[in-house]
Amino acid sequence: MANPEDKFPENVRGPFFVDEGCISCGLCMEKAPYNFTFTVGDKHAIVNKQPETEEEQEQCMEALKSCPVDAIGFQ
Numbered sequence: 100m101a102n103p104e105d106k107f108p109e110n111v112r113g114p115f116f117v118d119e120g121c122i123s124c125g126l127c128m129e130k131a132p133y134n135f136t137f138t139v140g141d142k143h144a145i146v147n148k149q150p151e152t153e154e155e156q157e158q159c160m161e162a163l164k165s166c167p168v169d170a171i172g173f174q
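My numbering numbers the first residue of the sequence shown as 100 and each following residue consecutively.
Note that these hints are calculated values from the structure, not bench results.
Remember, predicted model here, so these are calculated numbers, not experimental data.
Please note that the accuracy of each hint is not assured.
Here are the computed lysine-lysine pairs in the BS3-like style, where the Cα-Cα straight-line distance is at most 30 Å [stated by the list, open to error]: (1) Lys-142 / Lys-164; (2) Lys-148 / Lys-130; (3) Lys-164 / Lys-148.
Just the calculated beta-carbon pair ranges, DEER-fashion [unchecked claim]: (4) Asp-105 / Phe-137: 16 to 24 Å; (5) Asn-102 / Thr-138: 14 to 22 Å; (6) Glu-154 / Glu-104: 26 to 34 Å; (7) Thr-152 / Glu-104: 23 to 31 Å; (8) Phe-137 / Gly-113: 28 to 36 Å; (9) Lys-142 / Asn-102: 16 to 24 Å; (10) Asn-102 / Met-160: 16 to 24 Å; (11) Lys-164 / Gly-113: 26 to 34 Å; (12) Glu-119 / Glu-153: 23 to 31 Å; (13) Glu-161 / Ile-122: 13 to 21 Å; (14) Asn-102 / Ser-165: 14 to 22 Å; (15) Glu-153 / Glu-104: 26 to 34 Å; (16) Phe-137 / Glu-161: 16 to 24 Å.
Ideal Cβ positions, reconstructed from N, Cα and C, are used throughout, including at glycine.
All chains should be built: construct the whole structure from the sequences, respecting the hints.
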């Protein structure tokens, strides 16, 4: 489970976040391409846009459920 205390500061403010457990696999970007991206240098993923539509919300939840290291959180 992702830890809000370990979330990356580059995440945009909002309920979804990526924490320090990210392994840069890119699965979140496949599931929710408008909401997740890599940081400069592809060091890790971040939430670059919080969901604004029901479809984006569903895609972000799918990314959260699919993350192999549980690095995506929702609070």
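Hints, verified against the model:
Between the alpha carbons of Lys-142 and Lys-164 the distance comes to roughly 21 Å, so the proposed pair stays at or under 30 Å and holds. Proximity of Lys-148 to Lys-130 is assessed by CA-CA distance (about 14 Å); at most 30 Å being required, the pair is judged to hold. Straight-line distance between C-alpha atoms of Lys-164 and Lys-148 comes to about 18 Å, which keeps the hinted pair within the 30 Å bound. The beta-carbon spacing between Asp-105 and Phe-137, approximately 18 Å, falls within the hinted interval of 16 to 24 Å.
The given range of 14 to 22 Å is respected by Asn-102 and Thr-138, whose C-beta atoms sit roughly 18 Å from each other. Taken as a hint, the range 26 to 34 Å holds for the pair Glu-154 and Glu-104, whose Cβ atoms sit roughly 30 Å apart. At about 29 Å, the beta-carbon gap between Thr-152 and Glu-104 stays in the expected band of 23 to 31 Å. A beta carbon spacing of about 19 Å between Phe-137 and Gly-113 contradicts the range 28 to 36 Å that was offered as a hint.
In this structure the hint that Lys-142 and Asn-102 lie 16 to 24 Å apart at CB holds, the actual value being about 18 Å. Taken as a hint, the range 16 to 24 Å holds for the pair Asn-102 and Met-160, whose Cβ atoms sit roughly 18 Å apart. Look at Lys-164 against Gly-113: about 18 Å separates their beta carbons, and that is not inside 26 to 34 Å. Against the hinted window of 23 to 31 Å, the Cβ-Cβ separation of Glu-119 and Glu-153 comes to about 30 Å, which satisfies the hint.
Under the hint 13 to 21 Å, the C-beta atoms of Glu-161 and Ile-122, about 18 Å apart, fit the expected range. In this structure the hint that Asn-102 and Ser-165 lie 14 to 22 Å apart at CB holds, the actual value being about 18 Å. At roughly 29 Å, the beta-carbon separation of Glu-153 and Glu-104 lies within the given 26 to 34 Å, and the hint holds. A hinted range of 16 to 24 Å for the beta carbons of Phe-137 and Glu-161 is consistent with their spacing of about 19 Å.
In this structure, the hints that do not hold are numbers 8, 11, in rising order.
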